[in-house]
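**Student:** Just need the whole structure built from these sequences, with the hints factored in.
2 protein chains.
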Amino acid sequence: MNWQDIFATRMGRMKASEIRELLKLLDQPDIISFAGGIPDPALFPQAEFKAALNDIFASGQGTDALQYSVSEGYKPLRDWIATQMAALGIPCGADNILITSGSQQALDYLGKLMLSKNDTALVNWPTYLGALGAFNAYEPQFDQISANSNRSATDYVQTAASHGGQAKFAYMSVDFANPTGETMDRRARLSMLDLANELDIAIVEDAAYQSLRYDGEAIPPILALEIERTGSIEDCRTIYCGSFSKTLAPGLRVGWVCAAKSVIQPLVLMKQAADLHSSTINQIAIHKVASTGFDAQIEKIRATYSQRRDHMLNALTTHMPKGVTWTKPEGGMFIWVTLPPHLDGAKLLAQSLKTQKVAFVPGRAFFADGSSGNTLRLSFSCADEDTINTGINRLGQLLQSVV
Amino acid sequence: MNWQDIFATRMGRMKASEIRELLKLLDQPDIISFAGGIPDPALFPQAEFKAALNDIFASGQGTDALQYSVSEGYKPLRDWIATQMAALGIPCGADNILITSGSQQALDYLGKLMLSKNDTALVNWPTYLGALGAFNAYEPQFDQISANSNRSATDYVQTAASHGGQAKFAYMSVDFANPTGETMDRRARLSMLDLANELDIAIVEDAAYQSLRYDGEAIPPILALEIERTGSIEDCRTIYCGSFSKTLAPGLRVGWVCAAKSVIQPLVLMKQAADLHSSTINQIAIHKVASTGFDAQIEKIRATYSQRRDHMLNALTTHMPKGVTWTKPEGGMFIWVTLPPHLDGAKLLAQSLKTQKVAFVPGRAFFADGSSGNTLRLSFSCADEDTINTGINRLGQLLQSVV
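Chains as they are written, first to last, in our numbering: chain R, 1 to 403; chain Z, 1 to 403.
Some hints could be false.
Put simply, identical chains are the same to the list, so a pair is met inside one copy or across any two.
Result set (DSSO-like, lysine-lysine): computed pairs, CA atoms no more than 30 Å apart in a straight line [what the hints assert, rightly or not]:
id: 1; residue 1: Lys357; residue 2: Lys75
id: 2; residue 1: Lys117; residue 2: Lys15
id: 3; residue 1: Lys50; residue 2: Lys261
id: 4; residue 1: Lys15; residue 2: Lys354
id: 5; residue 1: Lys15; residue 2: Lys75
id: 6; residue 1: Lys15; residue 2: Lys357
id: 7; residue 1: Lys15; residue 2: Lys261
id: 8; residue 1: Lys354; residue 2: Lys75
id: 9; residue 1: Lys15; residue 2: Lys328
id: 10; residue 1: Lys75; residue 2: Lys50
id: 11; residue 1: Lys357; residue 2: Lys322
id: 12; residue 1: Lys354; residue 2: Lys300
id: 13; residue 1: Lys117; residue 2: Lys357
id: 14; residue 1: Lys328; residue 2: Lys357
id: 15; residue 1: Lys50; residue 2: Lys347
Honestly, the hints are just simulated from the structure, not real lab data.
**Tutor:** Quick look at the structure:
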């Protein structure tokens, strides 16, 4: 049987990543890894989850927790999230919230909601690799967006039309983005809104890392800035994606979309058809842990990760040769390194794994056009001070020898 | 903002169901409902799940359970499922298993895997409503399959081509199907395999209810019959979808796909892009409960549901007027009732909710072409003997008055 004749055309877009193959070597215990984008499991509120799960059964919620539930999500959790959103300048109700299985599912659903084949998704160069992967299933074209560029709206429209579709949305990670660690300032957010208005497209605002700010002043989400202009979430084009994966725990797969009801209602129908609903017991457990200890958990995470960021920034200053530059993130988990143009991150990784036993993610995969191979992403979330110093020192030695 | 201009063409297929709106009335406590297709929560192995979750934290698995995990699913669970599959005549390994968030997600993924716009999915008339919903997102055409019909392979091919695509797979629920309660016999399964071979299409075998057999002899899954012919799962066109929702609990959202690695591998890439992985903690909990108490749980469910099926069949015999017929399922949760042709299930539901306070699901929605309105689905899974007798008696009175 030739499955290639049976598979849909979209499957041509789904390729196994060479990088992931390479990173399988990370199982080796002597490798120092700055590759993962995962939270430090030592910071998980384990006792709180254990207590919450116990409480579900002790308090008579056991049958509800194990049963089917509504596609839009557990109402008390949606209420709690709506309150959090209001505190961010996004007044809304539970009807503006859809619970998803992590924010990765939100990206998949938003691609499914808006992208017909050959429509265009506007993304940053570089952008979150998982967003490109999620959108790819709907066979779009990608175009580079930059709110600060001089490209006219007409140019975006014509480029999209030349690919046989229309621009549907701009996707961006706004705070301490994966992979760059950079944050859009207020002016860039407002410019983005202006451009989206002009193009009459949606904005997909990925706020997965928003709670992980270590210094600097918080900037309102794009959705909050848009509500300042329009007066109501129902009149907004921005679709906000949140997640508990970086704050409480990723293994429960709970995230959310916050948007106008005109967006949430079709997403609820989509979720019903796609997986009925996210795990009931996990939503109840997340609600219990979030509603009693979210702020304390955030403080704990921030204290640890901000130190690790500082250690890594210091180590980079100490060990990197001239010609190598990097971002200085105010939060999140990532630092983005730019090498001299003649170097290639993927080749460097192969070499680094062999001689230095240090892992990172080469930057090319984060570019929809596969450009800018002279970049790499470092994560500081899971490494202690000694590991960071040793690893960055070794990486610096390698770079000294090739720069 | 006009969201209709932004939404993908596929969204035109996603409509809120009138039936679901009607069934929202079920919250009223005086309604007797045979509408839901859900397991009786009183039968959930609550104590076992509570113990399993406690054990996860007590045994040091807490951090793993709360962390990201691999897209293919928790290896010990895949191993356990592979052993179960082997016992059904499907020798396979963990690499032949993908864990999904319920078998609803498997249907969504299989539509995504195989259906380009205007490709044809072959389905039974009637078929599982949720399968039509899942596939609809990929904008297919539906054609009616019946292994016992005299339609030639050429006819299927030409019909699919006339819709601008090709037939990709035949979907069927094989044991005690939702909605009919009927089971494909061995001969029908073999005929289906012959037709699929001739058409060179895949078979999607939905085995969600397979464990719920109350009497009669078990029939090997289509995939097992195909392996008897080909000698190896790797040479099979049948894709088997299983679920823990009807046996252990649906609220954890754990199901699986079992198929050739040529199918599983692209599905793993798809899952990685769509939601990364199913809940880690839920997969571990399901594995603990399944590996220690699956058989006992199945016995408990069978004992209860088989009695309820008997009560409902007896009540139908007692109370239904002449001209009304129904299926006699050997398992599962559903009985399918056919009314005289001039009656309409949806109108009857509206009337029944008003005057009889009895709910069921009108049959039309289960037909891809919206035909056969003179049908309805009754579920016996959640009703005790008295409720069944009272409800069927009332329904019989209504039917007496209109037949």
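**Student:** State for each hint whether it applies.
**Tutor:** Structure-based check of all given hints:
1. Lys357 to Lys75: between (48 Å within a copy, 27 Å between copies)
2. Lys117 to Lys15: both (18 Å within a copy, 21 Å between copies)
3. Lys50 to Lys261: neither (35 Å within a copy, 37 Å between copies)
4. Lys15 to Lys354: within (25 Å within a copy, 55 Å between copies)
5. Lys15 to Lys75: between (38 Å within a copy, 23 Å between copies)
6. Lys15 to Lys357: Classified as within; 27 Å inside a copy, 54 Å across copies.
7. Lys15 to Lys261: Result: close only across copies, 15 Å inter versus 35 Å intra.
8. Lys354 to Lys75: between (51 Å within a copy, 29 Å between copies)
9. Lys15 to Lys328: Cα proximity of Lys15 and Lys328: none, with 32 Å in one copy and 47 Å across.
10. Lys75 to Lys50: both (22 Å within a copy, 23 Å between copies)
11. Lys357 to Lys322: within (22 Å within a copy, 79 Å between copies)
12. Lys354 to Lys300: Classified as neither; 35 Å inside a copy, 56 Å across copies.
13. Lys117 to Lys357: neither (42 Å within a copy, 47 Å between copies)
14. Lys328 to Lys357: within (25 Å within a copy, 65 Å between copies)
15. Lys50 to Lys347: Classified as neither; 44 Å inside a copy, 49 Å across copies.
The structure fails to meet hints 3, 9, 12, 13, 15 from the earlier list, while all remaining hints are met.
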